[in-house]
Every structure is written in C-alpha cells, then in structure tokens.
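Q: One-letter residues, chain by chain:
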Amino acid sequence: MPLAPSKNKNSSQTPKSPDPWDKDQWVSWEVLMVKIQAGDPESYRQFLDEIGPVLFNFVRRRVFNQELVPDVYQEVLLTLHKARHSYEPGRPLGPWLFTVARNSMLDAMKKNRRFAEREVPTETLPEIIRENEDSSLNDEIHLALQGLPEDNRVAVELLKIKGLSLEEASKQLGISVGALKVRAHRGYRELRRILTEKKP
Amino acid sequence: MTRFHDNLVGKIVTDSKPAPPVTPALTQWGLWLLSAMVISGVALGMMGMDPGGSLMALPRGSLYIGLLFAGAGLAAWEAISSSLPGREKGMIRKGISLFLLVSVYAFPFFLLNGGCHSFDPWKEFVEGWACFRAISLLGLVPWVLLGWWLSKNASFHPFWSGAWSGASAFLLGSLTVQLHCPNLEAGHLWMAHLLPVAFFTLAAGWLGAAWFSRWRKKD
Numbered sequence: 001m002p003l004a005p006s007k008n009k010n011s012s013q014t015p016k017s018p019d020p021w022d023k024d025q026w027v028s029w030e031v032l033m034v035k036i037q038a039g040d041p042e043s044y045r046q047f048l049d050e051i052g053p054v055l056f057n058f059v060r061r062r063v064f065n066q067e068l069v070p071d072v073y074q075e076v077l078l079t080l081h082k083a084r085h086s087y088e089p090g091r092p093l094g095p096w097l098f099t100v101a102r103n104s105m106l107d108a109m110k111k112n113r114r115f116a117e118r119e120v121p122t123e124t125l126p127e128i129i130r131e132n133e134d135s136s137l138n139d140e141i142h143l144a145l146q147g148l149p150e151d152n153r154v155a156v157e158l159l160k161i162k163g164l165s166l167e168e169a170s171k172q173l174g175i176s177v178g179a180l181k182v183r184a185h186r187g188y189r190e191l192r193r194i195l196t197e198k199k200p
Numbered sequence: 001m002t003r004f005h006d007n008l009v010g011k012i013v014t015d016s017k018p019a020p021p022v023t024p025a026l027t028q029w030g031l032w033l034l035s036a037m038v039i040s041g042v043a044l045g046m047m048g049m050d051p052g053g054s055l056m057a058l059p060r061g062s063l064y065i066g067l068l069f070a071g072a073g074l075a076a077w078e079a080i081s082s083s084l085p086g087r088e089k090g091m092i093r094k095g096i097s098l099f100l101l102v103s104v105y106a107f108p109f110f111l112l113n114g115g116c117h118s119f120d121p122w123k124e125f126v127e128g129w130a131c132f133r134a135i136s137l138l139g140l141v142p143w144v145l146l147g148w149w150l151s152k153n154a155s156f157h158p159f160w161s162g163a164w165s166g167a168s169a170f171l172l173g174s175l176t177v178q179l180h181c182p183n184l185e186a187g188h189l190w191m192a193h194l195l196p197v198a199f200f201t202l203a204a205g206w207l208g209a210a211w212f213s214r215w216r217k218k219d
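Those protein sequence lines, which keep their order, are chains A and B.
If you read the first sequence in the working numbering, its first letter stands for residue 1, the second for the next number, and so on.
If you read the second sequence in the working numbering, its first letter stands for residue 1, the second for the next number, and so on.
Below, computed lysine-lysine pairings styled on DSS-like, alpha-carbon distance capped at 25 Å: (1) B:LYS89 to A:LYS23; (2) B:LYS217 to B:LYS152; (3) B:LYS217 to B:LYS11; (4) B:LYS217 to A:LYS82; (5) A:LYS35 to B:LYS217; (6) A:LYS35 to A:LYS82; (7) B:LYS217 to A:LYS111; (8) B:LYS17 to A:LYS35.
No lab work stands behind these hints, which were simulated from the structure alone.
Construct the entire structure; sequences and hints are all you get.
A: Here it is as structure tokens:
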C-alpha cells in the first residue's frame with residue numbers, strides 16, 4: 001500500500017498517494033489498464049498498488065462487519081483480475097472499476113452470509129493438544145492430520161500444536177482471522193470424521 | 001494489511017497473462033444488426049413475403065414492423081451493455097426498453113385492424129403452430145450468435161443478459177415471419193408470433209444465468 005504523505009513537504013522521496021478525485025490520476029490508470037491487457041506485469045503491480053487504497057476504502061465504507069473487509073477486498077481484486085479484458089480502452093475507467101467492485105463486493109457478502117447460515121465457526125476453540133512427555137505426538141492424530149487438505153492441516157497445526165493465538169496464526173498465514181477460523185473449523189470436522197471412521 | 005495486500009498482488013501479477021480487450025460495445029451491436037438483417041433477408045427469401053401484402057396495406061402495418069425491428073435492436077443493445085461493466089444504464093433507459101416490449105404485445109390488439117373477434121388461446125396455438133415453429137427456428141441462429149459474443153464479455157447480470165438476447169433474437173424471428181404471414185388476427189399474433197418471443201426470453205434468461213457467469217469461475 002502506498003505510504004501516507006510525509007509531513008516534510010520538501011522531501012522528494014515521498015511517494016505520492018493516489019488522489020481518486022484527480023482526473024489526471026484516472027487518465028494514468030486508464031493507460032496502465034491498456035498495458036495490463038497487453039500482459040505487462042509491472043504495470044499491473046503499479047496499478048494494483050495505486051488503486052488498492054481506493055478499493056479498500058470503497059469496501060471498508062460499505063461492509064458493516066469489519067472482520068469481513070479483507071476477504072471482500074480479496075474477492076474484489078480477484079474479480080477485477082478475471083474481468084480485466086472487459087474494460088474498453090478509451091472509455092472512462094471509473095464506471096467500469098466501481099461496477100466490478102460493487103458487484104463482486106455484493107457477491108462476496110452473499111457468500112459470507114450463506115456460510116454463516118450453514119457453518120458456525122466456534123469462538124471457543126478446543127484445548128491445545130499437549131505433546132506427550134517424551135515429545136511424541138499421538139500417532140493416530142498425526143496420521144489423521146496428514147489426511148487433511150493442506151490449508152486446514154496448517155491451520156490446525158498452528159493453533160493446536162504450536163499453540164499460536166488466532167491473531168498470530170492469521171498474520172503468519174497472511175489471511176484474516178475469519179478465514180483462519182473457517183479453515184480450522186473444517187479441519188476439526190474432517191479430523192473428527194477420520195478418527196471416527198477408524199474406530200472399530 | 002500491507003503484507004496481505006502485497007501477497008495478494010504478488011499472486012495476481014504472477015498469474016497475469018495478456019487479456020485482449022473485448023470488441024467495443026457499439027461494434028458488437030453493429031455487427032449483430034448486420035448479421036440479423038442478413039439472416040432475416042435469407043429467411044424471407046426462402047419463405048417469400050406475404051403476396052397479398054395485407055400487413056403493409058394496413059395504416060399502421062409499417063409501424064408494427066418498425067416496432068418489432070426497434071424492439072429487436074434495443075433488446076440487443078441491452079443484452080450487450082448488461083454484459084459489460086460500467087455500461088449498464090439506469091432505470092429510465094431500462095423502463096423505455098420494457099415499455100417498447102410491452103407495446104409490441106399491446107399493438108396487435110389496439111392498433112392493428114385485424115382485431116380479435118373471439119379468442120381461444122389453445123385453438124390459436126394449435127392453428128398457429130407452423131408460425132410458432134418457424135419463429136423458434138429463425139430465432140435460434142441470431143440467438144446463438146449474440147450469445148457467443150456475450151460470453152466473451154463479463155456479465156454481472158447473466159440472467160438479464162440472457163433474457164435480453166432471447167428477446168432480441170426471437171423478436172427478429174417474429175419480424176421475419178410477420179412479413180410472410182397473412183393472418184393478422186390479434187389472437188394469432190399473440191399465440192403464434194409473440195408467445196415464442198416470451199417463452200424464449202425466459203428460457204434464454206435461465207440459460208444465460210448459467211452460461212454468462214462462467215467467466216467468474218475461470219482461473
């Protein structure tokens with residue numbers, strides 16, 4: 001994300017924050033979009049870094065549950081990526097950009113609502129698995145963990161074996177706390193199923 | 001948040017391939033209109049126009065033909081603009097389009113001199129089956145053509161993109177058959193000429209909801 005403007009106005013090294021009210025800014029973004037459509041990765045990175053704060057604020061102001069903001073923002077950027085071919089060069093970028101952002105934001109929030117109706121990530125997670133005195137993990141649980149999808153396995157390992165907090169684990173994985181809870185919850189459910197099936 | 005954004009941007013940029021821009025909306029519309037006229041012309045050439053010229057003999061016959069053509073063209077534009085983010089217009093424009101389509105259905109009863117002496121829907125449907133079938137077949141080609149173009153865009157309203165494409169293609173079919181068919185009774189026009197338009201508009205919307213949202217599932 002671009003840095004906030006420095007208080008030292010004479011600094012020539014302060015990067016300029018994007019000004020969404022600046023017409024020239026939008027013209028430069030339109031130029032970048034044409035390069036993005038041609039497949040230029042550096043232009044793409046520059047565009048996403050500059051437009052990121054604009055889109056993030058757009059999402060943040062419209063999503064009531066602030067915990068969902070990172071997930072919705074991710075959905076917006078991914079949809080922008082898939083829809084980048086639909087921008088018509090020469091036309092204003094703003095209507096295209098905010099239509100993509102608004103619609104993908106609404107879809108992301110619908111998905112989260114459907115998720116909330118079907119699955120309830122627990123606030124209180126089960127106790128941390130204690131290692132045995134000789135530091136060997138229960139073989140059965142270890143085997144069952146290996147059977148989980150990687151995302152769920154890593155979430156369970158960080159929370160239950162390494163004993164990290166939700167915030168610490170989410171930072172390490174680079175995902176939101178909400179997304180981590182979902183992964184861990186699905187991991188526990190799958191573990192329970194595997195361990196139950198193995199019992200005679 | 002910065003690290004989250006940087007990770008996300010890194011993944012997106014690594015995955016970026018060239019994405020050639022879509023054909024401009026006006027060009028899409030112009031090309032579709034041209035192909036629609038060619039398809040209509042070929043079909044009319046094969047079926048032949050109504051030798052009695054009964055529709056054109058009516059004071060408002062040409063108006064009705066114009067209404068069908070305008071309806072097909074406007075519906076095609078709605079289909080294309082609904083499939084391009086930033087092109088969708090507000091309720092006024094959509095209201096005008098809907099009003100035009102409603103007018104197409106009202107016209108046979110109120111404004112064509114054919115009138116409606118007695119209306120037996122099932123009888124009209126059975127007797128007008130040849131027209132219903134002809135319109136269904138004639139509308140298929142422009143519908144597939146328009147659908148192919150729309151699938152290359154990025155519709156956030158796939159049902160409406162589909163429905164408008166169906167309305168456009170089958171209005172065109174109705175227009176072509178209208179120039180050939182001498183029966184101007186309102187009952188016949190509703191059940192045999194306009195009912196397939198309504199039916200295929202809904203079917204196209206339902207199909208469009210699945211087909212025009214595929215771009216969102218691509219990697």
